[in-house]
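Colleague: Each chain, written out:
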Amino acid sequence: MAVVSTPATLERALPVMDNAEVQRIRNDFPVLDQLVNGRPLIYLDSGATSQNPLSVIEAEQEFYEQRNAAVHRGAHHLAVEATEAFEDARQTVADFVGADYSEIIWTSNATEGLNLLSYALSNAGLWAAQGRGDARLKDLALSPGDEIVVTEMEHHANLIPWQELAFRTGAALRYIPVDDAGSLRMDLAPDIVGARTKVLAFTHASNVLGTINPVRELTALGRNAGALVVLDACQSAPHMPLDVKELDIDFAVFSGHKMLAPTGIGVLYGKQDVLDILPPFLTGGSMITTVTMERAEYLPAPQRFEAGTQRISQAVALAAAANYLTETGLDRIHRWEAELGQRMITGLESIPGIRVLGPAAGQDRIGLAAFDVEGVHAHDVGQFLDSRGIAVRVGHHCAQPLHRRLGLTATTRASAYLYNTTDDVDQFLDAVAGVRAYFRA
Amino acid sequence: MSLDHLYQQIILDHSKARHGSGLAGTKAPDGATTGQSHQLNPVCGDEVTLRLAVADGKVAQIAWDGAGCSISMASASVLTDLAEGMTVAEMHEVIDNFREVLRSRGKVPADPEILGDAAAFEGVARYAARVKCAMISWVAAEDALNQAA
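Heads up: the protein sequence lines correspond to chains U and P, in order.
The opening residue of the first sequence carries number 1 in the working numbering; numbering runs sequentially from there.
The opening residue of the second sequence carries number 442 in the working numbering; numbering runs sequentially from there.
In case anyone wonders, no lab produced these hints; they're calculated from the structure.
Quick reminder that beta carbons are idealized off the backbone N, C-alpha and C, glycines included.
This list has only true hints and no planted wrong ones.
Covered stretches of chain U (chain P as the covering partner; in silico rule of three or more C-beta atoms under 8 Å from a C-beta of chain P):
id : stretch
1  : 374 to 380
2  : 389 to 398
List time: in silico DMTMM-like cross-link candidates among lysine to aspartate or glutamate, alpha-carbon distance up to 20 Å:
id : chain 1 : residue 1 : chain 2 : residue 2
3  : P       : Lys457    : U       : Glu374
4  : P       : Lys573    : U       : Asp386
5  : P       : Lys457    : P       : Glu488
From just these sequences and the hints, can you work out the full model?
Modeller: Structure follows, in C-alpha cells:
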C-alpha cells in the first residue's frame with residue numbers, strides 16, 4: 001500500500017467520518033464479514049484486541065514471502081532487505097507518535113514494555129551502587145524513602161510492575177484515588193506527587209471508564225517533582241492523535257494488537273537522554289558491542305533493549321497498521337469513536353437497571369462503555385449478547401482495584417473502533433435492553 | 442446452539458433460589474466432622490466458600506456463600522439439594538460424573554438417574570468458557586469432603 005502522508009491542516013479539512021465511510025472501511029477487514037450464532041458479527045471488543053485490515057495481513061505475508069531473514073547480521077541480500085524493512089517500520093512508528101527513530105523500542109506488548117522499564121530502573125540502582133555506568137544513574141535509582149505514584153484506575157499491567165519495583169527497591173507505592181464517578185481526584189494529586197516521587201505512571205485513557213485523563217496537568221506535577229513520567233497509551237495511541245514530544249512525557253507504552261496490528265508486537269517509547277544511560281533488562285545477542293568471558297559492553301538504544309532475535313514481521317505489520325490509521329486520520333477516528341461512545345452511554349443510561357461506569361453522557365469519553373446490569377452477572381450478559389452475534393468483554397478488565405473501588409467485581413464492556421457503525425451500537429443497545437427480562441432480573 | 446439450551450429453566454430458577462446459600466448461623470450437627478473450601482475463578486471473579494459436615498459416613502449438612510454468574514450460583518444450589526443425605530462414596534461418584542460430563546464438550550450425555558437436576562447443566566459442556574462456572578462449587582465440595590471424611 002502506498003504511504004500517503006497527510007498534513008495536519010489537510011486532515012482537519014477532511015470531512016467527518018460517517019456510516020458510509022465505515023462500510024467501506026469494513027471491506028478491508030475480512031474477519032468482520034461472518035455470522036456468529038446465525039447473526040452478522042458485531043465486534044465491540046476492540047479495547048481488548050482489534051481486528052486486522054488486509055494491508056496489515058498482507059504486509060506480514062509479503063515479508064515472509066520475499067524478505068524473511070535475521071536482521072542486523074549477515075551480509076546477504078535478504079538480511080539487508082529484512083533489516084531495512086524492520087528499521088523502516090521503526091521510523092514509521094516513531095513518526096506515528098512524534099518520537100525520534102532511536103527512541104522506539106520494540107516489545108511484545110505494553111505489559112512487556114512496562115516490565116522492561118521497571119527492571120531497567122532496578123538495574124539502574126544496582127549499577128549506581130557499584131559505580132557502573134553513567135553518574136546520572138543514581139538519580140534514576142530507587143531506594144527506601146522514594147515513592148512511585150500510579151492511579152487507582154490502572155490496568156494491572158501499569159500497577160503490578162510498579163508494586164514489584166517497589167518491593168525490589170524498598171520504595172513506597174502510592175496512588176491517586178478516583179471519585180465515585182470514576183474521575184481522578186486531581187485535587188489530591190499535588191499532595192501525592194511530590195519531592196519523594198521518582199516515577200509517576202498513569203493511563204492516558206481508562207480501559208474501563210473511558211475517561212481521558214488530564215495528561216498535561218499530571219505531567220506538570222511529575223516534572224515539578226523531578227519524577228519520570230510514564231504514560232500507558234494502550235487506549236489512546238490506537239484511537240487519537242498522540243505526540244509524545246508535545247506531551248513531554250519520559251516514557252510511553254502501547255500494544256500493536258489494539259491498533260490493527262498482530263499480537264506479539266508493542267512499543268516502549270523513551271526519551272533519548274534517559275534511554276542513553278538506562279541499563280538493559282534482557283541481555284544476550286544483538287545488543288552488545290564487545291563481549292569477553294567476564295563482561296560485556298552494550299549498544300546504545302534502541303538495540304540495547306532488544307536482546308535476541310526480534311519480532312520482525314510483526315514490526316513490519318505494525319508499521320502497516322500505523323499507516324492505515326494515519327491515512328484514515330486519527331483526528332477523524334477519534335471524533336467518530338467519541339460519537340459512538342456518546343451513543344452508547346446515552347442509550348445505556350436510558351435502559352432501566354443499567355449502571356454505567358465513568359463519565360456521564362455529554363462528558364468526554366472514548367468509544368467504550370463498561371456497565372453493570374442489576375441482578376445479572378456480567379458473564380451472563382456477555383453470553384446473552386454473544387447469542388446475538390455481539391462480542392463484548394466481561395470481567396474486571398484487568399482492573400480489580402478499580403472495580404473494588406466502585407463496589408463491583410465484574411462488568412460488561414463494549415468498545416468500538418473505526419470499523420463500527422452507529423447501527424452496531426444500536427443493535428448492541430437493543431440487545432442489552434433485553435438482558436434483564438431474559439434472566440428474570 | 443440456542444441460548445435456552447444453556448440457560449435451562451431449572452438453572453434460571455436455581456440461580457434465584459440459591460438453596461444452601463448462607464454460611465452464617467449454620468452449625469454442624471454434634472459428632473460431625475466438617476470441611477470448608479474457598480474457590481475463586483480469577484477470570485470473572487466468581488467465588489464460592491462451601492462448608493460441609495459429615496456424620497455416620499453421610500453428608501449431614503452443606504452450606505455456602507458465593508457471588509457469581511447464574512450458572513455458578515445455580516450449580517451450587519442444585520449441588521446442595523443433591524448432596525444432603527448422600528454417602529461420601531456416592532457424593533464422590535456424582536462429582537466425578539458431573540466433571541466428566543462437563544469436560545466432554547458435549548460428547549458424554551448427562552444421566553438424570555445419577556445427576557438429578559444437575560443434568561440440566563449438560564448444555565454448559567458446549568461452552569468451554571463456562572465449564573468453570575458450573576464446576577466451581579463442585580470443586581469446593583470435593584475439597585471440603587476430603588477434609589471432612
